[in-house]
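Novice: Residues per chain, in single letters:
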Amino acid sequence: MPCPLSLYILIIFRAIFYFENLILTIDIFLIYFSINNIYTYCSTILKLYFFEKNMKKTLLLPILITQSTLLFAAGNPVAVGDVLGRDLSVTGFGSLGHLGLLASSNNVVQVMNATPYVNIVQNVTVAGFKVDTYWGAKARSRFTWSSSFTSATSQINNLSNQQKPHVAYNLWSSTPNPATQVCASYSSSGACTAYTWKKGSFRCDAFVKWLYTKTGNGDLGGSFPNTTFGSSLLTITRT
Amino acid sequence: MKNNRKLIYFVFTVVVLALIGFFVFSQQNDMGIQNDENQIKEKTNINANSALVNNESSENTQNLPYGSPPKWAQSMMAINDNSSYTREDKIHKLADLLKQNESNSDALSALLISLTALNPIEAVNDIIPYLKNTNPKVQSAALGALNNASLLTEKEHELKKSLPENEAVRKRIAESVNELKAASTTSDEVKQALISTYASTNPSSKDTHAMNQEILKQDEISPNESSFVASSVLNGKEFSGTLSVLDKKDSAVKDSVINSIGTSIAENPDVISVLSIQQRTELMNFIRNNPPQGSGDNYSSQKDQWNNTLNILESRS
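Protein chains in written order, with my numbering: chain X, 1 to 239; chain F, 1 to 317.
The hints are simulated quantities; they were obtained by calculation from the structure and are not laboratory data.
Bear in mind that the values here come from a model prediction, so they are computed numbers and not experimental data.
Among the hints, a few may not be true.
Unchecked claim - According to the in silico footprint, chain F covers these stretches of chain X (three or more CB under 8 Å from chain F):
id: 1; stretch: 116 to 126
id: 2; stretch: 142 to 151
id: 3; stretch: 168 to 177
id: 4; stretch: 181 to 191
What the hints assert, rightly or not - Simulated restraints, written as ranges between beta carbons of each label pair:
id: 5; chain 1: F; residue 1: A183; chain 2: X; residue 2: V90; range: 42 to 48 Å
id: 6; chain 1: F; residue 1: I277; chain 2: X; residue 2: G92; range: 55 to 61 Å
id: 7; chain 1: X; residue 1: T193; chain 2: F; residue 2: K99; range: 36 to 42 Å
id: 8; chain 1: X; residue 1: G221; chain 2: F; residue 2: E167; range: 41 to 47 Å
id: 9; chain 1: F; residue 1: V169; chain 2: X; residue 2: N106; range: 45 to 51 Å
id: 10; chain 1: X; residue 1: V131; chain 2: F; residue 2: E102; range: 28 to 34 Å
id: 11; chain 1: X; residue 1: N106; chain 2: F; residue 2: L310; range: 28 to 34 Å
id: 12; chain 1: F; residue 1: S315; chain 2: X; residue 2: T180; range: 17 to 23 Å
id: 13; chain 1: X; residue 1: V90; chain 2: F; residue 2: I277; range: 49 to 55 Å
id: 14; chain 1: F; residue 1: I277; chain 2: X; residue 2: T235; range: 47 to 53 Å
id: 15; chain 1: F; residue 1: E154; chain 2: X; residue 2: A191; range: 29 to 35 Å
id: 16; chain 1: X; residue 1: T193; chain 2: F; residue 2: E165; range: 19 to 25 Å
Note that beta-carbon positions come from the ideal geometry of N, C-alpha and C, so glycine has one too.
If we strip away everything but chain X, and leave its shape as in the complex, we get:
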């Protein structure tokens, strides 16, 4: 799991105990438990390199700067279809994470725990998405969409509008459960005489996964937002 909190603590300790070699050893121990994203990985590699160089005090400042830069390098989304990740704003479940999808420039579609069948599907700005620790944005090499639409934005907006009045938020399932229309009555001859909506439910990651499959971009997989964010389909990390 991305664990920027540990890095923040690390930097603060670095600042306080700048001249203590002991810190490097502890650093590596802490980093060992927080490896799971690219910047902590890069940071660890750098540390190991300098560790081998006998922990020269004069190199501590560049390490600190590099690490700080990497920490804040969680990039913004740049193209429609980019998946954004951040900590979940639910006490005790922050590390579970929260995902959204860039629907158009500075417009992120996301599923939130709000009033069922009213405002579960929401659109926010990129800044509005970053209300908790931001993980960054990831992308597929090429985001496709159905040929009946002129852009990915159009299809994403239409799928979102279609589901908005008919879905609830389900924290306990990563499986997409979209609302669908089913026959509500039959004539005496057995023909359907009315259709109605069968209500569905999504968690944030389930909604992003569903949008990906509906637009023909494949199954992101994952059982949690952070594992979906780590999908092998998302090969590009925005910087």
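Given chain X's structure and the hints, the job is docking chain F onto it.
Specialist: Below, chain F alone, put in the same frame as chain X:
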């Protein structure tokens, strides 16, 4: 000075040890969940040829969030994931859980949403009281559960007709929803949830007419309201009357309803089959005469949807 230095080292050591303990604990939790997931994957493979309900529940087992879920959530997932339970077993057990968690609105919402997925016509009497809950989320979740409880059962789909005993239950749902609709204490957000479920829970011509009139007298309409109007038009109810009232409305209202009609048709093109050839032509002309008037991304999306809707209608006329 030297004593101070020792004190700093001591405090620092304590903090570091606490941090290490925290990270080791987190790591163990993560590993525990990973093991759970692996076990579940194996279980899913073993059950690959089970009935549909069983497959769905196996998938749901993979959804435990990090940390320890509350007891009610563990019980709820144990019910949802148990492949030996029938749909009816699950409904009754979830309904029992509802009663055990009366004071917990998070639990009530989640349990009602779990029930919704099971089309719980058997638990209607257990669900109806939650329409009067003080929490809007619980009320809205109850409306969703009653929406799906109103749907035709598998047996009714097989017979292609509704059964009298189920119609009696649906009548109770419709009456309870109308009570909520009429109550002065019902909040605006619950009213919106009610509107999104009204086509299923209250399909009578009388209720449809009343709701359409309420919605169409407004100058602005919400996505839920446009979805309701779209459903009534696509079901051929109030067809010509609604189109003629809409024709006199502001372009934003027309755009919203036409977009809802489009998203419905896109989700399931079979919905058009309900309309007569004459109604399809009338609808097509109405949509053609009212291209979207918005701007920006919204305009492009609406224009695409507008074109797609016309294409589907033309191909089926």
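Novice: Hint numbers the structure violates, sorted upward?
Specialist: 5 and 15
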